[in-house]
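Novice: Spelled out from the first residue to the last, the chains are:
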Amino acid sequence: KAGVTQTPRYLIKTRGQQVTLSCSPISGHRSVSWYQQTPGQGLQFLFEYFSETQRNKGNFPGRFSGRQFSNSRSEMNVSTLELGDSALYLCASSGKLAGENNEQFFGPGTRLTVL
Amino acid sequence: AQSVTQPDIHITVSEGASLELRCNYSYGATPYLFWYVQSPGQGLQLLLKYFSGDTLVQGIKGFEAEFKRSQSSFNLRKPSVHWSDAAEYFCAVGPHQAGTALIFGKGTTLSVSS
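Protein chains in written order, with my numbering: chain A, 1 to 115; chain B, 116 to 229.
There may be inaccurate statements among the hints.
The calculated DSS-like cross-link candidates involving lysine-lysine, where the alpha carbons are at most 25 Å apart (straight line), are [to be verified]:
(1) Lys176/B / Lys221/B
(2) Lys221/B / Lys183/B
(3) Lys57/A / Lys164/B
(4) Lys176/B / Lys164/B
(5) Lys164/B / Lys221/B
(6) Lys221/B / Lys57/A
Keep in mind the hints are simulated off the structure, nothing from the lab.
Whenever a hint applies, use it, and build me the whole structure from the sequences.
Specialist: In structure tokens form, the structure reads like this:
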């Protein structure tokens with residue numbers, strides 16, 4: 001059974017640019033969550049999508065956005081990149097059904113470097 | 116406030132020695148508790164989880180953890196550490212509902228000496 005896949009694995013951008021990251025969940029999973037991991041702040045929740053709807057959102061500025069497609073694949077977008085956006089962005093999938101146990105399976109992450 | 120505390124930032128253990136990583140949480144409702152491991156440049160791998168029932172849970176790679184409600188703790192243990200266990204370990208807490216945000220501790224880096 002394939003795990004969570006994320007593309008690209010590495011990305012280098014400059015300040016002011018925008019970036020789109022992609023995540024494909026485990027087959028059958030309908031929930032996709034995104035986390036940002038930095039040395040200073042650790043792992044922080046960005047948002048979660050279920051059946052193409054954003055259900056939860058963390059405390060991040062509006063420059064961070066996401067969406068989910070009908071096949072459960074998800075993308076997150078960061079506009080007007082800042083140096084502080086450099087991080088490992090992790091995607092996690094869970095829950096074949098709404099209300100199922102909250103066990104999240106993580107992908108390998110996308111390492112974003114902003115210069 | 117909901118939070119997870121991992122008091123030890125870095126631990127060094129000799130190969131073959133036992134290991135205990137500490138985790139304390141603050142959570143209003145009945146929590147789901149998790150331990151994840153992360154190797155350099157990799158994502159998070161689930162080691163074990165506690166949802167309910169037996170408070171001693173077994174995980175992969177010979178790890179186990181014990182949930183102690185009275186102490187709000189969920190410590191991770193392994194009787195004999197292998198060099199390949201060197202990694203960063205994260206404790207996390209979350210509600211029961213699927214897709215809800217997990218709250219992570221800051222992590223403990225484990226080094227294994229020969």
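Novice: Each of the hints needs a verdict: does it hold here or not?
Specialist: Hint-by-hint comparison with the structure:
no.	hint	verdict
1	Lys176/B / Lys221/B	22 Å, holds
2	Lys221/B / Lys183/B	20 Å, holds
3	Lys57/A / Lys164/B	24 Å, holds
4	Lys176/B / Lys164/B	14 Å, holds
5	Lys164/B / Lys221/B	18 Å, holds
6	Lys221/B / Lys57/A	20 Å, holds
Checked against the numbered hints listed earlier, the structure breaks none of them; every hint is satisfied.
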